[in-house]
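Trainee: If you're matching them up, the sequences are chains V and U in order. Residue 18 is where the first sequence starts when you use our numbering, and the numbers rise one by one after that. Residue 157 is where the second sequence starts when you use our numbering, and the numbers rise one by one after that.
Bear in mind the hints are in silico, worked out from the structure with no lab data behind them. Note that the coordinates shown come from a computational prediction; the quantities given were computed from them, not determined experimentally. Glycine included, C-beta positions come from ideal geometry on N, C-alpha and C. It is possible that part of the hints are untrue.
Claimed, not checked - Below, a sample of chain V positions facing chain U; criterion: calculated Cβ distance under 7 Å:
1) 105
2) 166
3) 172
4) 173
5) 186
6) 190
7) 211
8) 214
9) 215
10) 225
11) 318
12) 324
13) 370
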Amino acid sequence: MKRLDYASLILVACATVLLVSLGLSSSVASPPGLSVYTEPPLDQVTPFAEAVEFEIVPQGQDGQALANAQVHLQLHTPAKTPWFSTDFPWVEGTTLLDLETTAVQGKVVFDQVMPLRGTYQLEVDVTPTTLGLFEPFQQTLPLRIHENSIKYRNGVVLLLVLLGVGALGGWVIAGGRREVDAPDSVRLLLSGGCGVAIAALLTVNLTAENAPAHQHDHPAHSHVAATTEALKGSQAGLTLSGDTYAFVGQLATQTVTATNPQTGQPLVNAPLTIRTVSLEDDELIFQHRAKTDAQGQFTWREQFFDATTHQVMVEVQPPSATMAQPLTVSQRVEVEGKQPPLLVRFITLSYMLIVVGLGVAVGFQTRRFVSPDPTA
Amino acid sequence: MASATRLWQRTQQLTLSVPVQLGLFMGLSGLVIWTLYFSPYPPVHNALHHIRHTTPGVACH
Numbered sequence: 018m019k020r021l022d023y024a025s026l027i028l029v030a031c032a033t034v035l036l037v038s039l040g041l042s043s044s045v046a047s048p049p050g051l052s053v054y055t056e057p058p059l060d061q062v063t064p065f066a067e068a069v070e071f072e073i074v075p076q077g078q079d080g081q082a083l084a085n086a087q088v089h090l091q092l093h094t095p096a097k098t099p100w101f102s103t104d105f106p107w108v109e110g111t112t113l114l115d116l117e118t119t120a121v122q123g124k125v126v127f128d129q130v131m132p133l134r135g136t137y138q139l140e141v142d143v144t145p146t147t148l149g150l151f152e153p154f155q156q157t158l159p160l161r162i163h164e165n166s167i168k169y170r171n172g173v174v175l176l177l178v179l180l181g182v183g184a185l186g187g188w189v190i191a192g193g194r195r196e197v198d199a200p201d202s203v204r205l206l207l208s209g210g211c212g213v214a215i216a217a218l219l220t221v222n223l224t225a226e227n228a229p230a231h232q233h234d235h236p237a238h239s240h241v242a243a244t245t246e247a248l249k250g251s252q253a254g255l256t257l258s259g260d261t262y263a264f265v266g267q268l269a270t271q272t273v274t275a276t277n278p279q280t281g282q283p284l285v286n287a288p289l290t291i292r293t294v295s296l297e298d299d300e301l302i303f304q305h306r307a308k309t310d311a312q313g314q315f316t317w318r319e320q321f322f323d324a325t326t327h328q329v330m331v332e333v334q335p336p337s338a339t340m341a342q343p344l345t346v347s348q349r350v351e352v353e354g355k356q357p358p359l360l361v362r363f364i365t366l367s368y369m370l371i372v373v374g375l376g377v378a379v380g381f382q383t384r385r386f387v388s389p390d391p392t393a
Numbered sequence: 157m158a159s160a161t162r163l164w165q166r167t168q169q170l171t172l173s174v175p176v177q178l179g180l181f182m183g184l185s186g187l188v189i190w191t192l193y194f195s196p197y198p199p200v201h202n203a204l205h206h207i208r209h210t211t212p213g214v215a216c217h
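Just chain U, with the same shape it has in the complex (with noise of 0.2 Å):
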């Protein structure tokens, strides 16, 4: 019981660390990105099509 405890603290503490934090933010903001600006997903791809093709550098076909 106690080492759950302790074990669930550290998680907590390395979870909450600025370094794991900055990780999952960027993480994150990068698939997000992806996801609008590069992913072939078909209902993303068509809503921001003509987005893509007026963003520089953006590679659309």
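The following block holds chain V by itself, in its conformation from the complex (with noise of 0.2 Å):
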């Protein structure tokens, strides 16, 4: 008996200190991750439109913005989507930026136009500018962005026009030959017109589309590089290397350097503000503000997704406080676009033709229904 009590102690005491030591468990921390915050809120973001705003903060143990912590983050878009393309098809399923850089203040901020509808994927990569200052870790974020609502209300104006196209088409066809119609000889005339008309589309839609897309000296799928440089007194030296022909779907890499003329020495910590414009509506597609490295550099790699030419200019405030002006050096990207594929042109135009052809039925069997042809 007594045995039996001891036993029943000790199973007590030690159902006690484990349910004690999970209670201490579930205080301690959540793991670091990352908290991410845009302008303006993703659910407001609209494809190809503005660019947004990326505040990516870093954070530790007990969710305080970590101090000294070197990011790497990949921008990844939505996968393709065949069955219902976007603007972009060549763009679907890649990369659109690739960016190591320093958080500042404990934070990482960038702007980037988001051309796609679809749910990206922001893949980050944290690791500690001093070895052992925290466990370096990596998230992947999903970051969804609706359709454009303006394509919506479209594609029902879409579809009523071809519906009542077609429905005027079947309206015609099931009035047969009836003479208070029109005469054989009007209609046969319509006919040759109809046949004339399809071979002349037909001969300028080969030919636009067996035409190359750009004429440019470069080879294709290589990747050019320049370098541009821009002194200013003996303060600063800038140059800025990297991609000048770029590919839709391909990420084109960037590199700016900062050194001191005088000594050649590099610039570390040189804060940089990179920005991308369009050059065709003037439109910024991509700004960061960064700071040099060691090495006085900075690399970076963005896609140009929207085939235009751009300008990628990249400012830095040179050490001395009597320099008023900021030293500017920049550098034009040429970008070589493809046509959407054929695939994916034709299964929009199936659709189309699907709505023109119940058009058809529906006007067809209309006008048989009210009006039966006499002649047949």
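Since each chain comes alone in its own frame, lean on the hints to assemble the complex.
Mentor: This is the structure we're talking about:
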């Protein structure tokens, strides 16, 4: 009996210790992670519109922003959707931005135009600039962008127009060979005109399809690097080198190097402002404030998704406070576009033709029902 | 001469038959839609660039 009592006591003691330890473990802080803020909020962002400002804050286990954090981020576009294409099918399922930068004041801030609807993946790797400060961690965050609501309105309008055109065509064809509608000679003339129009449109479109997208001297699928320099007095020298010829769907690399022209030494931790602007409509595509590394350099990779010429501009504030004007260097990037895949275009065309066919069926049956052809 | 007349009459009948008329109509509709929304022909592409970007399912670049 005494042995049973002792055994029960030990069991109760073990259970108590277990429960207490579980209670203690529930109060351990959550693992480190990221907070991402956008301006405007993601549910208000429309594709291919104003640039979205992203603020990424790496946080420690205590929920506070991490100091001395090196952040490597990659922004991947939504997966391909051939059955309901976006504006930029070649951009679907690619990487839009690849950036390794230091969190300034505990956060990484950049602006980026989001070209597509759908769910982007923001992949972020956080490592300490000094070993041992914190455990490196990685997180992937989904960012959902909704389609522009204007498209849905335009889609409904287009559907109604296609149905109407189809119904009108079906109505006329169902009329049969009634002299009261039009004599056979007129019908034959119109049919011949249709045939000529079909031949002409086929010729125009086949020619346009086979024409090259751009005329360039550069060989296909090669990156042409260039270097642009800017010097200002003896304070700072700035060099921008990278791809001056890019392709839709592929990342282009740019590197900026800041040096002291007198000593040739790199300018470490020099504050940079990077801006990429589309020259077609003077719109900001990408912007980021960074700092040069120990070699006085900063490298990033971005995708020029809209197949227009871009201007990449980098501004650095020279170290001396007596310099009123920052130093700026820029270079143009030509972008080669491609026609959207034929299959994707044919899929959407078939949807539209199905709607026209439905309209034809409705018009045809309606005419036959309302006024059957006495000559049939 | 009689065979030419018969050939012309048969051609007329075929051309004005419902299947051929429907085929011509759908073919022309398809090509017009392609030209307006999907063709890379520069004058049309540039003129309708904004409409293409605001129509669902239409790929532009």
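Trainee: Against the structure shown, which of the earlier numbered hints fail to hold, in ascending order?
Mentor: Hints 2, 4, 11 not satisfied by this model.
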